[in-house]
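Residue numbers (our numbering), protein chains in the order written: chain A, 1 to 149; chain B, 1001 to 1275; chain C, 2001 to 2104.
The set of hints was computed from the structure by calculation and includes no laboratory data.
Since the model is a prediction, treat every value here as computed from it, not as a measurement.
Treat the hints loosely; a few may be bogus.
[As the list claims (entries may be wrong)] Here are the simulated lysine-lysine pairs, DSSO-like style, with alpha carbons at most 30 Å apart:
| id | chain 1 | residue 1 | chain 2 | residue 2 |
| --- | --- | --- | --- | --- |
| 1 | A | K87 | A | K53 |
| 2 | B | K1128 | B | K1009 |
| 3 | A | K149 | A | K23 |
| 4 | B | K1264 | B | K1059 |
| 5 | B | K1262 | B | K1009 |
| 6 | B | K1100 | B | K1071 |
| 7 | B | K1094 | B | K1071 |
| 8 | A | K87 | B | K1009 |
| 9 | A | K87 | C | K2012 |
| 10 | A | K149 | A | K31 |
| 11 | B | K1094 | B | K1059 |
| 12 | B | K1105 | B | K1264 |
| 13 | B | K1222 | B | K1262 |
| 14 | B | K1105 | B | K1222 |
| 15 | B | K1262 | A | K34 |
| 16 | B | K1009 | B | K1100 |
| 17 | C | K2048 | A | K149 |
| 18 | B | K1009 | A | K45 |
| 19 | C | K2012 | B | K1009 |
| 20 | B | K1262 | B | K1094 |
| 21 | C | K2012 | A | K53 |
| 22 | B | K1009 | A | K31 |
| 23 | B | K1009 | B | K1105 |
| 24 | A | K23 | B | K1262 |
| 25 | B | K1059 | B | K1071 |
| 26 | B | K1009 | B | K1059 |
| 27 | B | K1059 | B | K1268 |
| 28 | B | K1262 | B | K1071 |
| 29 | C | K2012 | A | K45 |
| 30 | B | K1193 | B | K1268 |
[As the list claims (entries may be wrong)] Some chain B residues well away from chain C (every beta-carbon gap over 10 Å; in silico):
| id | residue |
| --- | --- |
| 31 | Y1003 |
| 32 | P1005 |
| 33 | V1012 |
| 34 | Q1076 |
| 35 | D1087 |
| 36 | S1131 |
| 37 | S1244 |
[Unchecked claim] If you anchor each label on the Cβ, the simulated ranges turn out as follows:
| id | chain 1 | residue 1 | chain 2 | residue 2 | range |
| --- | --- | --- | --- | --- | --- |
| 38 | A | E106 | B | A1027 | 19 to 25 Å |
| 39 | C | S2086 | B | L1095 | 42 to 48 Å |
| 40 | B | R1006 | C | G2044 | 44 to 50 Å |
Glycine is no exception: its CB is placed at the ideal position from the N, C-alpha and C atoms.
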Amino acid sequence: MYDLLIFLALIAVGYSVGTLLEKRHYHSIHKREKAFFYLPAVTIKSVDYPEEKIRSAELVYGSVVISIDCFKKILAGLRNIFGGTIKSYESLIDRARREALLRMKEMAGDATVIVNVRIETSTIARKANKKGVGCLEAIAYGTALTLEK
Amino acid sequence: MRYTPRHPKSNVNVTPTSHIREFFVLAGGLLSLIVVIYLVLGLTVDLIVPHISIDLENKMGVHFFQSMGGKDVDSQRGYYVQSLIDDLRERCAKLPYRFKIHVRKASTVNAMALPGGHVIVFTGLLDKMSSENELAFVLAHEMGHYAHRDHLRAGGRAVVLMTFSALLFGADSSVSKILSHTLNITELSFSRKQETMADEFALETINCAYGHVGGATDFFEKIPKEQDTGKIGHYFASHPETRSRISHLNNIIRSRGFNLAKRKPLPKAIWNFIP
Amino acid sequence: MIITNIETVPGKTIVEHFGLVSGSTIRAKHIGRDIMASLKNLVGGELKGYTQLLQESRNQAIDRMIEHARQMGANAIVNVRFSTSSVAQGAAELYVYGTAVRVQ
């Protein structure tokens, strides 16, 4: 019986703290996305700038590992039984990729554009994942072009 | 090609949803699924159990018993309890089992009926006994479980369910844990009927063996005085509330006109011997 | 919505771009399908349930990316790429992203 109570308490803590942290993270993401509003990141390779105007080209990247809270993990476990969209993981994936993109943009600084951007999932925590650590690692990279003033 | 910065109106990658609501819907669905499986399982187990031959059960019992591990202690009292159960079986309850008593060292006030006629008696129970009749009642109660083959029913269902939940979620996942809790509760409430039946069987048996049923309710009358929670708490949970159990036994004693006579004491030499 | 995975839309010129658009999805099949798949694994062959799962996931991810691009005011997405992740076991996680553009 005590086990059950501890378990329920963990879920409650996981839900409340997890929701709070997620809200905060989204707040920070929105704020920084506004700050980098004028720095585009695109998947195409050329943005038809004349070559002589490009002052520098530099590889930029950003990565992040975000974990899920235990409430959402249990929800995902339940959803796995019945099938369908695992809605509780959607925000995790969304946050991880936007955060990685933002960190890439932060590294680019005052560049004009980031071209040939790729977003991938790395696999450092795959071993941990088997042990039940629900986390996602996103990495974004591209080439930052800075134009002559 | 010029760049026009724009913010999307909504986040397309996250479905706006209430996770709490989804949780309750899914958990409710899972729970009802489990209840259905449990009932179906119960029916199948009830169908299969009468067809399991004693021979097959004995073979399964050996494996089951070996997997339990542990060591028999207190051979003095063990022999005595063994002779008592053999005597009960010989004279009053002709069950097709060869009972083997295993005394195990634990403060638990309990006895267990395992498949294949292996009866585990804990020293905690033996220490509490004050008369032979009282001990005989507890043994006859376990024999009652064998007579109705409850030990197979409970074991069969529990084993199948545990396998099922381990298969679904992995043996040590949190979902499995919460499941095993809920399963335990239902399992216990199911076995109460079986406990009452075993009580009735035990009453008949000791009436046959001693010609009276004195000492039958002694054991239960003792329990409320003990304030040992924890392990004894488990015994409480799996057996019907002692008070209703005593009154049920008394009702049967009255209606069947059983006698209450003097209890036979336990052999002092064996009982007070400290190994 | 025109979707390509090359730099341009042949026959049209890109006049304007809106940056990265993406769509992601994570879907699972019910437990019965998982059990059937593990049985099928004994003899090999196509796991129809999982093929279908991947198809559904991919379509949903693309639909979401298109919706994203539409909200930006684009009429084409170029240089689209797929990516996967592995958060939950037994679930298909697809991510599709590209550059939202307006072509003429």
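Results of checking the hints against the structure:
Between K87(A) and K53(A), the direct Cα distance comes to roughly 46 Å. Violation of the 30 Å bound is thereby established for this hinted pair. About 74 Å separates the Cα atoms of K1128(B) and K1009(B), which puts this hinted pair outside 30 Å; it is violated. For the hint linking K149(A) to K23(A), the alpha-carbon distance of about 39 Å lies beyond 30 Å, and the restraint is violated. The straight-line distance between the Cα atoms of K1264(B) and K1059(B) is roughly 37 Å, outside the 30 Å bound, and the hint therefore fails.
A distance of roughly 88 Å separates the Cα atoms of K1262(B) and K1009(B); the hinted pair therefore is violated under the 30 Å criterion. About 14 Å separates the Cα atoms of K1100(B) and K1071(B), which keeps this hinted pair within 30 Å; it holds. For the hint linking K1094(B) to K1071(B), the alpha-carbon distance of about 29 Å falls within 30 Å, and the restraint holds. A threshold of 30 Å between alpha carbons decides the hint, and for K87(A) with K1009(B) the separation of about 20 Å falls inside it, so the pair holds.
With a C-alpha separation of about 38 Å, the suggested pair K87(A) and K2012(C) falls outside the 30 Å cut-off, and the hint is violated. Of the supplied pair hints, the one linking K149(A) and K31(A) holds, its CA atoms being roughly 27 Å apart against a limit of 30 Å. Distance check on the hinted pair: K1094(B) and K1059(B) sit about 21 Å apart at the alpha-carbon level, within 30 Å; holds. Taking the CA atoms of K1105(B) and K1264(B), the gap is near 25 Å; set against the 30 Å cutoff, the hint holds.
At most 30 Å may separate the alpha-carbon atoms for a hinted pair to count; K1222(B) and K1262(B) meet this at roughly 18 Å. Between K1105(B) and K1222(B), the direct Cα distance comes to roughly 21 Å. Compliance with the 30 Å bound is thereby established for this hinted pair. Simply put, K1262(B) and K34(A) have alpha-carbon atoms about 91 Å apart, too far for the 30 Å limit, and the pair is violated. Simply put, K1009(B) and K1100(B) have alpha-carbon atoms about 75 Å apart, too far for the 30 Å limit, and the pair is violated.
Between K2048(C) and K149(A) the alpha-carbon distance is near 57 Å, which puts this suggested pair outside the 30 Å criterion. Proposed proximity of K1009(B) and K45(A) is supported: the alpha carbons are some 27 Å apart, at most 30 Å. Pair hint K2012(C) plus K1009(B) holds up; C-alpha atoms about 27 Å apart against a cutoff of 30 Å. Restraint check for K1262(B) and K1094(B): the C-alpha separation of about 26 Å stays at or below 30 Å, so the hint holds.
Taking the CA atoms of K2012(C) and K53(A), the gap is near 26 Å; set against the 30 Å cutoff, the hint holds. Between the alpha carbons of K1009(B) and K31(A) the distance comes to roughly 16 Å, so the proposed pair stays at or under 30 Å and holds. Only pairs whose Cα atoms come within 30 Å are accepted, and K1009(B) paired with K1105(B) is rejected, the gap being roughly 70 Å. For the proposed pair K23(A) and K1262(B), the alpha carbon gap of about 75 Å is over 30 Å, so the pair is violated.
Taking the CA atoms of K1059(B) and K1071(B), the gap is near 20 Å; set against the 30 Å cutoff, the hint holds. Straight-line distance between C-alpha atoms of K1009(B) and K1059(B) comes to about 69 Å, which puts the hinted pair past the 30 Å bound. Between K1059(B) and K1268(B) the CA atoms are separated by roughly 37 Å; this puts the pair beyond 30 Å, and the hint is violated. Distance restraint check for K1262(B) and K1071(B): the Cα-Cα separation of roughly 36 Å exceeds the 30 Å cut-off, and the hinted pair is therefore not satisfied.
A distance of roughly 17 Å separates the Cα atoms of K2012(C) and K45(A); the hinted pair therefore holds under the 30 Å criterion. Our distance criterion of 30 Å between C-alpha atoms is broken by K1193(B) and K1268(B), whose separation comes to about 36 Å. Chain C draws Y1003(B) into its interface by the beta-carbon criterion, the shortest separation being 6 Å against a cut-off of 10 Å. With a least CB separation of 7 Å from chain C, P1005(B) falls inside the 10 Å interface cut-off, contrary to its annotation.
For V1012(B), the condition that its CB be more than 10 Å from all CB atoms of chain C is violated, with the nearest at approximately 5 Å. Under the 10 Å C-beta cut-off, the non-interface status given to Q1076(B) relative to chain C holds; the minimum distance is some 53 Å. Even its closest Cβ contact with chain C, about 51 Å, leaves D1087(B) beyond 10 Å, as expected for a residue assigned away from the interface. Non-interface call for S1131(B) relative to chain C: holds, since the shortest CB-CB distance, roughly 55 Å, exceeds 10 Å.
Every Cβ of chain C is farther than 10 Å from the Cβ of S1244(B); the closest lies at roughly 41 Å, confirming the non-interface assignment. Checked against the hint of 19 to 25 Å, the C-beta distance between E106(A) and A1027(B) comes to roughly 41 Å, which is inconsistent with it. One distance hint, 42 to 48 Å for the beta-carbon pair S2086(C) and L1095(B), is violated here, with the actual separation near 56 Å. Taking 44 to 50 Å as the suggested C-beta distance range, the pair R1006(B) and G2044(C) conforms, at roughly 49 Å.
The structure is inconsistent with the numbered hints 1, 2, 3, 4, 5, 9, 15, 16, 17, 23, 24, 26, 27, 28, 30, 31, 32, 33, 38, 39, although it conforms to all the rest.
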